Structure formats: structure tokens, C-alpha cells
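Asks: Here's the letter readout for the chains.
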Amino acid sequence: VTLLEQNPRWRLVPRGQAVNLRCILKNSQYPWMSWYQQDLQKQLQWLFTLRSPGDKEVKSLPGADYLATRVTDTELRLQVANMSQGRTLYCTCSADVWGGAGQDTQYFGPGTRLLVL
Amino acid sequence: GQQVQQSPASLVLQEGENAELQCNFSTSLNSMQWFYQRPGGSLVSLFYNPSGTKQSGRLTSTTVIKERRSSLHISSSQTTDSGTYLCAMERSTGYQNFYFGKGTSLTVIP
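As given, the protein sequences belong to chains Y and H, one line each in that order.
Position 38 of the first sequence, counted from 1, bears residue number 42 in the numbering used here, the numbering being contiguous throughout.
Position 75 of the second sequence, counted from 1, bears residue number 1164 in the numbering used here, the numbering being contiguous throughout.
Hints were generated in silico from the structure; no laboratory data involved.
Computed from a prediction, not measured in an experiment: that's the story for all the values here.
Cβ atoms here follow ideal geometry from the backbone N, Cα and C, with glycine treated the same way.
Treat the hints with care, since some could be wrong.
Said to hold, decoys possible - Derived contacts from chain Y toward chain H, CB cut-off under 7 Å, selection only:
hint	residue
1	S32
2	W36
3	L48
4	W50
5	T109
6	F112
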């Protein structure tokens, strides 16, 4: 059973242009949603964890700027801007926040691969 | 510097052999997790293991928080175990500080 749907699955991004990613949660039992990035060297990095509709966070990392928004209980968005190197973005869901009493496991979406033109 | 060191960086096994993967942390931590990435890129969470030993099938994870280390034991390896094994920790200082190792690339040959 697929818990998370990510779209698009890949995208060519012209340098300097922003791109918007979506992650849809299929099971409300795992309401903690997160974004991770994996760079071209395969280094994985946690970006954000957002629980409630309306939550927003921003972060600037080498090679990209991020704005994450929890739109609804089932939708998480990520805007990627100023991307200079390709990367893959993964959405995850879990029953509790990492380290919380209910922490069990995290489930990953299929990922969105971004390539810079 | 790298907060999470994984060893070995790569490993080749004959099918049926056992493997021991190590993860060492340079700072104090609250908890850690093991992940598996398939050759095609999909990621799977294996263990959330803040301390002690957990087992799932042929996989066993042992974490000793005070010694800042965790291990993943794979018994009777199969070709389908091939892929990259990643560990990650939550630092005990700061809010939501999560760090990943560079991974161990495992290849199991028939």
C-alpha cells in the first residue's frame, strides 16, 4: 500500500527558476510529514518536519533555498529556489515525531529528482 | 566535520555470508535510525533504535548510546540485500538536529 505520493517525479529546472513540489499523504495515521534532500554525492539530509496545516519553514542550504508548507492534513509542499546543483527530494511520514514516544518508523515517498538546466 | 561515520564504506559478500555495519557518532545523541536505499533509489526505514537491540528477520540493530555507536548485523545475506545502508542520529543538543552518515554500499554476489 502506497502511503505517499510525490509529484512531479522529476523535473528539469532552468537555472534561477523555482519549482514547486507536492507530497500527498494517503493514510492519516502517519501525520508527521518531513522533507529530505539527497545530493549528487548521495548524502542524505533532513530538511523539515511539519505537523499542522499552516506550518511553514524556510531553510537555505548550499545549492538551494527551500520553503516548506503544510497545506492540509494530507498535503505537504516544498518550493525549491536558486538551485545550482541537482538533487532528489524525498517526502516522509511517520506516526510521531522523531524521538517522540510514538516514534516507530518513517515511510518514504518515491522521491522527486531535480536536474538543473 | 562529519557527525556520523559509517564503516565500511563498501562491502562485497558472497551470498549466505554475514555482515556487520558500524555507525559511530562524534557527539552525544538522543536517538538514531537505520535506513536502506535500494539501487533504484527508493528508501526504507529499517530501525528506529535509540538504545539496546532490535531484530527484524535477518537484521539486528544494536545501539549503545553512551558509547555513541550503533551496529547493523545482516545474517545469511541474500542478493536482494544489495544496496546502501544509512544511519542517522538526532543530536542531543539543539532542536531537531538530524545527521546522516555517508552510507555503506553492500553488494551480495550469488
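Asks: Give a verdict on every hint.
Replies: Hints versus structure:
1. Checking Y/S32 against chain H: minimum C-beta separation of about 19 Å lies over 7 Å; hint violated.
2. The restraint placing Y/W36 at the interface with chain H is violated, with a minimum CB-CB distance near 11 Å, outside the 7 Å limit.
3. For Y/L48, the interface hint holds, the least distance from its beta-carbon to any beta-carbon of chain H being 4 Å, beneath 7 Å.
4. Residue-level restraint check for Y/W50 holds (minimum Cβ-Cβ distance to chain H is 4 Å; threshold 7 Å).
5. Given the 7 Å rule on beta carbons, the hint for Y/T109 holds: about 4 Å separates it from the nearest Cβ of chain H.
6. With 7 Å as the threshold, the beta carbon of Y/F112 comes within range of chain H, its nearest partner Cβ sitting at about 4 Å, so the hint holds.
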